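Q: The sequence shown begins at 155 in my numbering and counts up by one.
Each hint should be verified, as a subset may be incorrect.
[To be verified] Heads up, simulated PhoX-like pairs for lysine-lysine below, C-alpha to C-alpha not over 20 angstroms straight-line:
no. : residue 1 : residue 2
1   : K352      : K280
2   : K235      : K203
3   : K293      : K280
4   : K352      : K293
5   : K446      : K352
6   : K203      : K280
7   : K235      : K186
For the record, the hints were derived by calculation from the structure and aren't laboratory data. Note that the structure is predicted; figures quoted are calculated from it, not measured.
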Amino acid sequence: MLSSREEPTKPVSRVIFPDKWLPLRFMASNWKNKILPEVKILDVAAEGKCLARFEERVVFVPGQLVAPGDVVDLQVVRRRKNYLEAVPIRFHHYSPARIAPVCPHFGQCGGCKWQHLPYAQQLQYKQQQVQDNLSRLAKIELPEISPILPSENLYFYRNKLEFTFSHQRWRTPEELNTGEVWENEPGLGFHVPGRFDKVLDLQTCHLQAEPSNALRDAVRDYARQKHLAFFDLRAQAGFLRNLVIRTASTGDVMVLLIFFEEDEEARVGLLEHLRARFPLVSSWFYLINSKKNDAYQDLVPVCYAGQGFIEEQMEDLRFRIGPLSFYQTNSAQAYRLYEVARAFAALEGQEVVYDLYTGTGTIANFVARQCQKVYWLRICARRHRGCPSQCGPE
155 MLSSREEPTK PVSRVIFPDK WLPLRFMASN WKNKILPEVK ILDVAAEGKC LARFEERVVF
215 VPGQLVAPGD VVDLQVVRRR KNYLEAVPIR FHHYSPARIA PVCPHFGQCG GCKWQHLPYA
275 QQLQYKQQQV QDNLSRLAKI ELPEISPILP SENLYFYRNK LEFTFSHQRW RTPEELNTGE
335 VWENEPGLGF HVPGRFDKVL DLQTCHLQAE PSNALRDAVR DYARQKHLAF FDLRAQAGFL
395 RNLVIRTAST GDVMVLLIFF EEDEEARVGL LEHLRARFPL VSSWFYLINS KKNDAYQDLV
455 PVCYAGQGFI EEQMEDLRFR IGPLSFYQTN SAQAYRLYEV ARAFAALEGQ EVVYDLYTGT
515 GTIANFVARQ CQKVYWLRIC ARRHRGCPSQ CGPE
């Protein structure tokens, strides 16, 4: 990465140009391809975007491509009534706040947006957004705001990841610029930002601890070797659709393979291969999703092998998590969140507590000993009947 003092003379190679990743509707504008020269990135806005101004117009730029303090040439890709959207095509000056991203896929992957900013600065931007939304938009007069409690783990903190199969992996700008003729190659990973039909084939991911990377690679390698059909997101055809991996602080691991159509021989072959490679995985599930969308919460997963749940532990409470269960994706931060919520509630033992949209029932059980009674409500009772939590008193 160039330092803030160096003056780049050509576009940065990791910039994703709009015709490579933005939906075609973004390009339909009288401003198409308009260049905004030497624009300074001013701030971070909502949804991970960055904010700039050009001739009194607000300009939003994908946050994983720029940082506050950068000076760049921008190319407009979309015009709205009150703002523009643009992408960088040339860097004149890099922000001194930038750091080197840990992940080699950063900037092209839809998984992370702020790895190029120090974590302390990320927290400042997030807190400012919350305060702005409450005070400026909601017009709420706020008391003094406590600082965000930072996560102790900056990487490998997620307990759930969902990967997508694609019959044709997305080619990076570096690959396309070589001039080589590329054959179609299937991939397994995350969607490229802004493209439902383009999937970046991941070589490594810093979001979830092992065996997540090893499991993903093993599935992809076996499927390529056996010529199993990766899903075609546009044609809605293929065999392998999604891979969901859950991990827990207890060491439990769950794998859910989602197929577009049934092929018992191929399905059993893949699952048996994985079971032999990863004997410590505690739960193996699969389901068939032949719908036109990736949503599977209304479908019934089949437990192929192992137990029908994994267990997460907080204090002396153990929670059973099924393949459809909602659970906070950062287990360590969830525990700290529930500690704060319990302290803020200041229960004295006579209260009746309602935990709405309870998910796995974590908060309800966390405060159960400090109150008279807890009612926990959620929209889908079927998930609890199939996977009850093993916790303390009601």
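Q: With reference to the structure, classify each hint as holding or not holding.
A: Hint check:
1. K352 with K280: Violated: K352 and K280 sit about 29 angstroms apart, past 20 angstroms.
2. K235 with K203: Status holds; Cα separation ~18 angstroms.
3. K293 with K280: Distance ~18 angstroms between K293 and K280 Cα, so the pair holds.
4. K352 with K293: Violated, at roughly 40 angstroms.
5. K446 with K352: The given pair, whose Cα atoms are some 16 angstroms apart, holds under the 20 angstroms limit.
6. K203 with K280: holds, 12 angstroms
7. K235 with K186: Satisfied, since the Cα-Cα distance of roughly 15 angstroms is no more than 20 angstroms.
The structure fails to meet hints 1, 4 from the earlier list, while all remaining hints are met.
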